[in-house]
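Q: Generate coordinates for the entire structure from the input sequences, incorporating the hints supplied.
Here the protein sequences come in this chain order: Z and X.
Following numbering that gives the first Met the number 0, the numbering of the first sequence begins with 0 at its first residue and continues without gaps.
Following numbering that gives the first Met the number 0, the numbering of the second sequence begins with 0 at its first residue and continues without gaps.
Read the hints as simulated data drawn from the structure, not as lab findings.
Be careful, since some hints might not be right.
Stated by the list, open to error - Derived Cβ-Cβ restraints for the label pairs, each shown as a range:
| id | chain 1 | residue 1 | chain 2 | residue 2 | range |
| --- | --- | --- | --- | --- | --- |
| 1 | X | 344 | Z | 41 | 19 to 27 Å |
| 2 | X | 668 | Z | 129 | 18 to 26 Å |
| 3 | X | 344 | Z | 92 | 46 to 54 Å |
| 4 | X | 220 | Z | 122 | 35 to 43 Å |
| 5 | X | 483 | Z | 122 | 48 to 56 Å |
| 6 | X | 213 | Z | 129 | 22 to 30 Å |
Claimed, not checked - Partial list, computed: chain X residues near chain Z (C-beta under 7 Å):
| id | residue |
| --- | --- |
| 7 | 75 |
| 8 | 207 |
| 9 | 211 |
| 10 | 212 |
| 11 | 405 |
| 12 | 518 |
| 13 | 577 |
| 14 | 581 |
| 15 | 675 |
Heads up, the beta-carbon is just placed ideally off N, CA and C, and yes, glycines get one too.
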Amino acid sequence: MATYQLNVNGERREVTVDPSTPLLWVLREDLKMTGTKYGCGVSACGACTVHVAGVATRSCMLPVSLVGERPVVTIEAIGRDPVGRAVQDAWVEKDVVQCGYCQSGQIMCAVALLKHMPKPTDANIEESMGANICRCGTYVRIREAIKSAAQRI
Amino acid sequence: MPVTTTNANDLTLSRRNFLRASATAAGGLLLALYLDSHSAAREQSQPSAPKIYPPDAFVEIRPDGKIVIQVNRLEFGQGVQTALPMILADEMDADWSQVVAELAPAADVYKDPIRGIQMVGGSGSIANSFQQYRELGAKTRAMLIAAAAERWGVTPQQCRTEQSVVHGPNSQSAKYAELVSEAARKTVPTSVRLKSPSEFRLVGKGVRRLDSRPKCDGSLKFGLDLDLPKMKVAVVAHPPVFGAKVKSFDDKEARGVEGVREVFEIPVARGGTGVAVVSDKFWPAKQGRDRLKIEWDTSGVERAHSSQLWTKYKELARTTGNVAVARGDARAIEGVAGSNRILAEYEFPYLAHTPMEPLNTTVRFDGDRAEVWVGSQFQTLDHTAVADVLGLKPETVTFHTEMAGGGFGRRATADSHVQREAAEVAKHMRAIPIKLVWTREDDVRGGYYRPMHLHRVEVRIGADGLPAAWRHVIVGQSLLAGTPFAASMKDNLDRTTVEGVSDTHYAIANFHVSAHHPEVNVPVLWWRSVGHTHTAFVMETLVDELAVRARMDPFAYRRKLLKPEARKLRAALDLLEARSAAWRRRLPKHHAVGIACHEAFGTGVACAVEVSVENKRPRIHRATVAVDCGLAVNPLTVESQFQAGVAFGLSQLMAKGAITLRDGMVEQRNFDSYVPPYMPDAPVAVDVHIVPSTEAPSGCGEPPVPVISPAVVNALTKLTGKRYRSLPLVAV
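A: Have a look at this one:
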């Protein structure tokens with residue numbers, strides 16, 4: 000066990016856990032922030048995506064011991080960001096979600112994309128979103144929502 | 000069950016169903032539905048007792064105007080948590096902005112009125128509860144009107160309703176919330192006039208989902224997100240071969256993981272045993288499990304092997320199985336020259352459902368009672384199973400329906416094996432809430448797959464190019480045998496194996512369909528659209544091949560072959576042809592169109608796709624889908640189900656889209672080896688067109704799946720000249 004000072008959604012949070020514990024489980028079980036989802040545990044589905052120092056990152060394979068000082072932003076706080084809010088609003092406007100379980104990760108990836116590329120093409124969208132699984136298959140509306148959000152920003 | 004599902008505007012409740020209204024302690028109105036004599040007796044003995052809420056109310060009008068509607072189904076993406084409240088609220092003339100939907104717990108009143116158990120499946124939620132929710136809404140409205148009319152000294156006929164307000168003849172008005180205590184004293188009417196379709200204000204309009212925002216900001220809690228005081232997490236080491244048992248295990252290292260509390264053996268599905276690791280949190284539980292050293296006893300357990308199964312299935316397919324259809328002259332197929340004959344063998348592998356939210360169940364066992372939280376498609380069965388493991392009566396087990404992250408059939412197991420595991424652990428850990436989690440590896444390797452199937456089809460082509468005779472043998476494990484649903488099997492035939500062939504809407508005079516159901520030590524389960532996953536592929540690729548041989552347009556050929564009574568399919572096909580005409584005429588070079596149509600669960604679907612080959616994979620540039628599902632209750636959801644459901648259907652074509660077995664063990668582990676479609680694998684755009692209809696609604700959850708794979712493959716065949724009869728599509 001070791002104690003870590005994390006910067007999560009702009010707040011200082013202290014956790015005492017095994018150093019191998021992935022950030023995902025620290026968020027979900029120690030910090031009780033369950034918006035970030037467990038889907039595969041092997042970085043293959045993207046449901047666990049959070050921003051670490053602004054980069055969309057799979058939290059299921061990132062040991063908490065490697066997070067360090069870098070700020071972590073999760074789905075719970077992404078709405079405070081204007082791009083994040085625009086993406087969430089576009090998701091609601093386009094009625095994207097079905098089961099919704101993957102959508103935290105989809106939204107976090109979409110926000111990271113739009114922050115770096117405000118007017119993405121279809122190819123850009125596929126490249127950035129192409130490693131996230133939506134088992135319901137809502138990809139068409141995800142695409143539409145990203146384009147809609149790009150126009151709002 | 001006797002609730003009518005016709006379009007009759009007047010209806011009568013059966014004698015076994017009755018409604019009762021009552022006031023709530025907080026001053027609201029509850030409308031409860033009773034289904035059986037037990038409830039009736041209770042009602043008579045306690046005429047004025049306040050209702051316990053839940054489990055038996057459908058509608059609650061709160062003093063603040065909020066209208067809480069219980070949804071008698073699991074919500075796992077299909078949109079029923081929005082659609083059923085829409086139906087009720089429409090008949091009730093409720094203010095939609097005040098409607099709150101809740102997933103009902105397990106209780107008799109929430110059973111499917113047609114099927115008699117509480118469940119989601121077979122695209123039956125809207126089809127079977129449409130009339131039920133209309134009645135509930137209309138009766139609630141009638142009681143509110145009666146209360147207002149009495150207050151104002153007018154007749155109910157003089158009153159009208161709009162947006163949760165009753166208006167009287169002399170400019171009186173009263174909000175529903177103001178009328179509840181008077182309405183609660185009214186007798187629930189036995190019959191009410193339901194709206195005609197032209198009067199609908201919500202039904203038929205595109206209404207956004209009620210659960211959208213909380214699914215976009217991380218606040219919605221799925222079953223896996225549950226957190227209870229003192230809760231522990233359990234992960235189970237399952238046998239590597241289905242049904243194998245633990246011979247011995249060494250848990251020294253596992254117990255050395257900080258946070259691991261208990262390690263013990265439990266029974267698991269199919270007579271096997273496993274080792275449960277209980278910890279404060281998921282990560283140590285999984286670490287503990289990974290450090291277990293287990294010796295397994297696989298003696299007496301069949302070790303399934305995919306390649307051997309194919310050999311066996313091919314041999315079986317050469318003989319006639321349990322007969323599903325024997326129409327016309329069975330011998331008409333014989334002695335036909337090769338040029339007028341097609342002999343086709345198709346192979347379909349096992350498929351895992353892999354819903355995004357890994358399977359889980361939480362149980363707390365307090366000795367004389369228990370509480371369960373799970374996203375269940377079969378509440379009635381899972382409820383009973385937990386009670387059975389704990390030695391309790393179901394009425395002492397409170398069963399909460401949790402929001403689920405997908406399912407596609409995976410949360411509808413007849414043996415409730417996940418719930419039983421959770422109950423076994425909870426029994427051992429008395430008074431401590433246990434959240435049992437299946438890791439993704441458990442899910443991929445844990446069985447309950449769409450069965451593998453082999454089809455052998457012989458077609459005699461007539462002089463007109465149409466099939467003159469058709470002999471079809473399907474080999475695949477039965478989904479129903481050995482389950483409580485086995486009673487629906489006739490002559491040893493499982494109709495879910497042959498559905499989509501045996502009930503084809505194509506007119507084939509000499510038609511023989513049979514099926515073999517081998518027993519294999521691999522648990523199988525319905526996978527979204529069930530038999531149609533494979534039968535539609537066979538029918539629609541063969542019909543396309545026949546059209547090519549006949550040098551006919553694929554639309555025209557299908558229309559010619561369809562029975563006159565196939566109204567929904569014809570309507571869908573016509574609409575598809577019209578709506579896709581523009582882009583089909585302007586295809587880029589090296590792009591091809593493929594079409595398919597199929598009716599499943601009462602919904603007719605036709606689909607056209609534009610496909611090219613990129614990196615040896617099909618690239619789907621566009622799909623146009625036309626659907627006849629009767630009245631589309633929420634067209635926005637219907638569109639969404641089809642836009643996304645076709646992507647789900649493409650799971651079958653993924654290069655790594657198969658579950659295979661070697662020496663009894665599943666060869667895939669996770670999404671790196673069993674790979675579902677990602678965005679680039681799905682159509683870039685999908686436009687959905689709904690046939691206008693006021694007929695009774697049919698479902699839209701399952702029907703998107705069958706058409707897409709054959710449509711894509713029909714396009715690929717045009718590009719490559721190859722026939723694709725073996726899935727997954729390893730190479731194009």
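Q: Look at the Cβ atoms of residue 483 of chain X and residue 122 of chain Z and judge whether their distance stays inside 48 to 56 Å.
A: Cβ of residue 483 of chain X to Cβ of residue 122 of chain Z: about 51 Å, so the range 48 to 56 Å holds.
Q: Given the range 19 to 27 Å, decide if the beta-carbon distance of residue 344 of chain X to residue 41 of chain Z lies inside it.
A: violated, 36 Å
Q: Grab the minimum C-beta distance from residue 577 of chain X to chain Z and call the hint holds if it beats 7 Å, violated otherwise.
A: Violated. Min distance 21 Å.
Q: Restraint: residue 405 of chain X near chain Z, CB-CB cut 7 Å. Satisfied or not?
A: Holds, because the Cβ-Cβ distance from residue 405 of chain X to chain Z comes to roughly 4 Å (cut-off 7 Å).
Q: Regarding the hint that residue 675 of chain X lies at the interface with chain Z, is the smallest CB-CB distance below 7 Å?
A: holds, 6 Å
Q: With respect to the beta-carbon atoms only, verify the hint that residue 213 of chain X and residue 129 of chain Z lie 22 to 30 Å apart.
A: holds, 27 Å
Q: Identify whether the interface hint at residue 75 of chain X stands, where standing means a beta carbon of chain Z within less than 7 Å of its own.
A: holds, 5 Å
Q: For residue 344 of chain X and residue 92 of chain Z, compare the CB-CB distance with the range 46 to 54 Å and indicate the outcome.
A: holds, 48 Å
Q: Let me know if the C-beta of residue 212 of chain X comes in closer than 7 Å to any C-beta of chain Z, holds or violated.
A: holds, 6 Å
Q: Kindly confirm whether 18 to 26 Å is satisfied by the beta carbon distance between residue 668 of chain X and residue 129 of chain Z.
A: Holds - the Cβ-Cβ distance for residue 668 of chain X and residue 129 of chain Z, about 22 Å, lies within 18 to 26 Å.
Q: Any CB of chain Z closer than 7 Å to the CB of residue 581 of chain X?
A: violated, 19 Å
Q: Does residue 518 of chain X pass the interface hint, meaning its C-beta sits closer than 7 Å to a C-beta of chain Z?
A: violated, 30 Å
Hint compliance for this structure: hints 1, 12, 13, 14 are broken, all remaining hints hold.
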